[in-house]
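Chains as they are written, first to last, in this note's numbering: chain A, 1 to 338; chain B, 1 to 429; chain C, 1 to 301; chain D, 1 to 249.
It should be emphasised that the hints constitute simulated quantities derived from the structure, not laboratory data.
All values derive from a computational prediction rather than experimental measurement.
Accuracy of the hints is not assured; some may be wrong.
To be verified - Example chain A residues on the side facing chain C (calculated, C-beta under 10 Å, incomplete):
(1) TRP93
(2) PRO94
(3) GLY95
(4) ALA96
(5) PHE99
(6) VAL100
(7) LEU103
(8) PHE127
(9) MET137
(10) TRP256
Built from N, CA and C at the ideal position, the CB exists for glycine as well.
Residue-level listing of the chains:
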Amino acid sequence: MSIHSDAGAMSRSPAEKETRMTAGTWLAIAGLVLLAAVPIFAPSLQLLVNLALAKGLAVLGVTVLLRAGQVSFGHALYFAVAAYAGAFLLAAWPGADLFVVLLAGALGAAVSGLLVGLFVVRYRGIFFGMLNLAFSMIFWSILEKFYHVTGGADGIRLPRPSVLGMEMGRHDFELVLFWLTLALVGGLGWFTLRWLASPVGQLFRTVKTNETRLEYLGVSPRRALLSGYLLSAVLCGVGGAIMGVAQGVVTPEYAWWIRSGEMVFIAVLGGAGSVPGAFIGALIYEFVRVFASAFAGDVWQMLLGGFLLVIILFAPGGVVGLFERVTRRGAAKGEEAA
Amino acid sequence: MKTLFVTTALCATLPMTALAAEKPETLKIGMTTFLTGPASVFGVPAQEAAKIIVENINAEGGINGVPLEVSFIDEGAGAEALTSEYRRLVESEGVEVMFASISSGNCQTLAPLAEDLQVPNFMWDCGTQKIFEEQDYEYVFRTQANATPEMLAAVIYLLKTKPDFKTIAVVNQDYAWGRDSWNIFSTALKAMKPDVEVVGEFFPKFGAPDFSTEISRLQALRPDVILSTSWGGDLDTFVQQASQRGLTNSSTFVLPLAESSFERLGASLPAGHIVGARGDHYFLHPERREDADFKAFMEEYESRTGQVSVYPVFHTSQAFAALQAAYSKAIEENGVDWPSEEQLLAAMEGLEFQGLGRPVKIREDHQGVEDQMMGTTVQNGDYPFATMENIMIFDGDDITTPVGEESIEWVSGLDASFIDTVAVDSFEN
Amino acid sequence: MNLTIFLLALFDGIAYAALVFIVALGLTLIFGVMRILNVAHGSLYAIGAYATVALTGFFLSLGLAPALSFPLMLVAAILVGILLGGPIEWLLLRRIYDKPEVLQLLVTFAVFMILEDVQRLVWGTQPYFEARALQALGNVTVFGVTYTVYQLILLPAVALVLLLGLRFFLRRTILGKLITATTEDREAAQSIGIDADKVFLLTFIVGAALGGLGGALASPTTSILPGMGADMIVLSFAVVATAGLGQIEGAALTALMIGLGRSFAVYVWPEVAVLVPYLIMVLVLLVRPEGLFGSPAARKI
Amino acid sequence: MSAPLLETRNLMIRFGGVIAANDVSLKIEAGRNLAIIGPNGAGKTTFLNICTGWIKPKSGQVLFEGEDITPLPPRKIVRRGVARAFQIPQLFTEHTALENLLISAAAREGMRHPLRDLSRVPERAEMMHLLEMVNCADVAHRTVDELSEGQRKLIDIAVALALRPRLLLMDEPTSGVASSQKHKIMEILIRALAEARVTSVFVEHDMGIVGDYADEVAVWNAGNVQLRGTPTEILEHPDVIRDVIGEVA
């Protein structure tokens with residue numbers, strides 16, 4: 001299953017790329033700074049933004065796979081695995097440290113990602129998507145069924161973890177969590193960009209365009225795909241772990257297929273294959289969703305659906321694509337002027 | 001006149017303990033309820049009821065002159081939307097009191113949140129008994145009973161009306177309510193009637209569209225009694241398929257939430273099965289049906305929705321009754337024009353109030369004590385659906401877990417003699 | 001497990017499989033021809049059920065015989081196909097055939113979200129139940145266990161008719177041949193003058209109608225309520241992928257496996273019943289990566 | 001006397017009724033350019049596919065430097081030093097010409113510099129040089145699907161050369177190229193091969209090309225080597241004129 005992804009940065013001349021990248025970096029930094037100020041200027045939006053960014057990390061995972069032309073309809077699996085890993089850890093060891101919880105989540109996602117990945121990287125297109133779906137649904141059923149372990153449909157409550165040994169009130173804790181999330185968004189976002197541009201990342205991306213050549217370069221397409229699959233699982237995991245801690249509860253709904261669909265939805269909304277797009281998309285999505293459900297009562301789903309249709313039909317590049325189109329037009333004008 | 005004198009007297013004698021709050025323009029209430037998803041069979045009636053009740057209260061000048069204003073949150077929109085919206089109402093919209101929620105899961109998420117946000121939260125419908133047994137809350141109260149008395153009432157009614165059954169099977173929804181309610185029910189049953197054999201336990205997934213296989217098995221097993229605490233579409237489907245295939249003739253069904261499905265099930269719920277309503281909630285409440293206010297509300301509700309009231313409507317009325325009672329009590333006790341938050345919270349302890357059912361009392365552990373009604377279905381042609389006969393209303397105090405005790409432990413400590421210690425009023429219909 | 005139990009489980013499994021198959025049939029037909037995995041299929045299923053309830057409710061209230069509900073099911077299905085399937089293909093899918101598969105899939109996902117709310121706006125949130133069709137056929141008793149004729153006999157019969165009918169249609173009739181030709185090679189088909197657009201439109205309408213029919217046939221046995229489509233769609237996904245995409249016979253076999261697996265699970269180990277479809281899917285694909293009946297596509301270099 | 005670079009022993013395979021390889025035994029010595037000619041369907045491409053492990057023979061062996069590589073998958077054979085260029089260029093269409101080579105180099109070098117930007121790897125200069133060798137330096141930064149068939153052919157070969165193979169198998173390097181271009185391309189190619197000291201086997205239809213650039217020619221027919229010799233011997237051989245050239249002309 002292949003999809004438009006702007007290999008843009010790669011396909012321009014190095015010089016040009018330099019400028020674009022620095023420009024992009026500045027935009028990114030500006031965005032992060034702006035977000036960092038949310039708790040000060042718009043505290044009521046803090047949690048919402050935090051949840052959106054957590055989801056954004058998960059979407060980033062899906063985005064990575066899109067770069068290899070693969071679409072997973074089951075990545076909610078890693079979102080849920082990590083969240084539950086954190087929950088079980090906190091249940092067994094109340095007041096465990098936030099960092100330990102997130103680490104446990106990421107680890108859980110990595111392990112499950114490896115196990116499932118070894119199997120699914122043999123498949124492409126629809127089958128790849130459907131198999132991921134199947135695995136996430138199996139996990140979902142287990143969470144629902146094995147009530148005495150997983151708390152069934154009502155899930156598990158997460159007592160608030162400590163931070164570096166400090167017990168915190170909800171307000172302080174959420175502030176810390178918010179900025180930590182932001183730091184992770186910046187860090188993991190940067191890492192993902194580097195990775196995609198790196199030799200390994202490039203080999204991974206070629207799974208999309210020509211596996212035959214990849215094989216004839218002496219590289220196993222499956223291993224190339226697995227490397228990115230692992231990264232995507234971990235990203236989803238970190239997002240899920242944060243989500244669980246921020247919500248204070250994890251439910252099987254975390255693994256439900258509609259959530260996986262939602263992630264792909266957001267990835268495309270933001271700009272399929274674009275790293276910043278994952279977070280921009282997540283922010284837009286959460287705002288539309290929350291305010292729709294607040295003010296448009298019971299038609300929020302319809303609004304989101306319509307929104308998605310408009311994007312796909314009129315701006316398949318997603319929000320980022322739109323932005324680039326505009327800036328390019330601007331640049332073109334500039335050249336004419338000169 | 002008398003109250004006026006009392007208040008002035010109070011003011012004169014003792015100095016004001018807590019400072020009064022400034023009287024607001026409107027008293028803002030937030031209510032979480034299911035507007036989407038399967039549970040909207042409860043959520044939407046509750047929302048309708050809330051609208052009617054608020055109109056009535058405001059028509060009578062609101063609470064001490066302050067009109068009510070309710071905003072609703074859809075519990076079906078998912079946990080993120082729910083928590084962020086809950087906070088938005090409290091932090092930005094200046095909502096004074098929250099009513100949350102229908103889902104036990106959401107109650108468990110929102111209770112600690114309410115505590116942290118320091119907003120009084122009435123748990124107006126969720127069933128889980130665990131909340132107050134596992135943790136103490138300052139801001140969270142429950143304006144209705146919980147799963148324990150609801151299940152105990154069902155067990156006692158079953159033992160009173162069908163003392164000599166031998167086997168039982170359960171078909172419950174596979175989520176906390178289905179599991180916990182069976183846990184309480186079976187524990188109580190083993191305690192009070194040890195010789196009963198459980199021949200089958202089925203937990204089809206929530207929202208299962210088809211119970212054919214379970215029903216085939218039940219027909220093969222032929223239990224005397226079949227329990228299902230399911231509700232909404234699941235209960236409808238199960239009862240429909242069971243009656244289509246004659247299972248309702250061979251076994252007695254115990255359906256503690258069936259009252260909310262009477263109208264939809266129509267003739268498919270035959271006579272002679274045991275039904276309940278999570279409290280004394282019934283649009284033909286034997287003690288209340290003649291009262292003017294009760295009648296007026298029932299007619300109003302039916303004319304607006306085209307349906308008869310179901311228990312979430314009663315639970316809603318109790319939440320608002322508690323709200324009114326608490327404010328007037330706080331105003332009166334402190335002799336103020338409008339109570340501060342502390343004064344309101346203080347007033348909640350031991351508060352007595354009456355919604356559409358019998359009066360309810362809030363215990364010191366913030367658990368509401370509510371009487372429980374059970375009955376047997378009858379198709380007597382008054383309505384195109386089943387109604388209740390041989391109704392019993394059990395005293396809430398006797399069947400609610402004592403303060404500080406854990407339900408399962410307490411229930412497992414009971415025995416057959418317990419049945420006779422429970423105060424009960426019986427009615428023909 | 002004695003023979004009686006075995007047979008009972010068998011009956012339940014077949015009845016359930018029949019319904020699943022009918023729904024999955026539409027999905028696999030659409031995929032086989034158009035290479036589009038239609039997420040909105042679940043909504044079409046739900047709307048088919050709602051429409052049937054509405055129609056039967058109306059006509060039977062005029063005092064017509066319950067037997068009339070059977071033709072009404074067909075009407076409902078056809079309405080779904082034409083009034084929903086038609087526009088979806090015509091207005092949306094047609095514009096994105098050149099787009100990547102994921103976008104096509106997301107379009108149907110968006111349609112699914114929209115239709116979910118449409119259902120609620122039109123029919124509200126209260127569950128409906130309209131079983132008169134089922135009651136009209138009465139019951140049969142096997143080993144002291146009562147089954148409804150509707151589930152034990154009618155549903156499997158319909159499923160069988162549809163299976164054979166569709167096979168015949170695709171292999172023996174001109175139109176069917178045109179469709180299969182378009183499936184195999186769109187360009188070639190167009191070059192010999194087949195109007196692929198028409199073929200796609202027709203296919204989607206038929207597929208949507210089959211989804212609607214599934215809902216219509218399910219309506220007498222279950223509560224019709226919001227969200228009923230979401231579960232059905234994942235189940236049919238599992239069937240379609242396990243069968244091998246676009247494999248009609250495969251879908252039948254898979255539906256049977258899933259139906260039986262589930263019912264036997266209820267007898268042996270109820271707790272795992274939910275897991276069965278997905279376990280079957282994973283296990284099958286583990287051994288046959290292209291699905292039971294799928295054929296691997298050779299890479300030409 | 002050292003083992004031949006590549007040797008096949010009694011390769012057998014048939015697709016359906018067609019015998020694509022019928023007891024093919026062939027030795028290829030290092031340092032020469034062997035051309036394979038023959039009518040369509042004679043099994044030329046199949047031979048390349050077997051040698052690179054893409055399809056497995058029903059019976060028989062492929063030896064590279066004396067070692068049996070028959071059971072290995074293509075990637076393992078490639079790592080031993082057998083590279084391949086394709087009739088239809090197999091490139092990463094979303095990447096630029098240079099990036100295609102850099103990725104090839106990255107595959108060759110493995111995980112040497114995990115997180116360095118591909119455009120900054122030390123192999124960059126080497127790859128630019130390779131592009132110059134195949135006359136594509138000017139399009140280094142164009143995405144390959146913007147390029148002409150001829151350029152893509154050359155880049156496809158350059159990508160194979162970037163692996164520093166000892167043997168390069170090419171499937172019709174000049175097919176789909178304007179005949180005016182063919183000689184130019186082969187000139188470039190042979191020079192590049194010589195410079196990189198790569199032994200090559202290339203399937204070719206154009207007898208002119210074969211005559212000018214091959215050191216040796218093998219004539220394929222009905223899944224086997226019918227004749228083998230120097231270009232002049234072969235091109236004047238009556239059977240060849242009848243079966244092959246006749247068909248091509």
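Now for the hints, and whether the structure bears them out:
| no. | hint | result |
| --- | --- | --- |
| 1 | TRP93 | violated, 28 Å |
| 2 | PRO94 | violated, 29 Å |
| 3 | GLY95 | violated, 33 Å |
| 4 | ALA96 | violated, 30 Å |
| 5 | PHE99 | violated, 34 Å |
| 6 | VAL100 | violated, 31 Å |
| 7 | LEU103 | violated, 29 Å |
| 8 | PHE127 | holds, 7 Å |
| 9 | MET137 | holds, 5 Å |
| 10 | TRP256 | holds, 9 Å |
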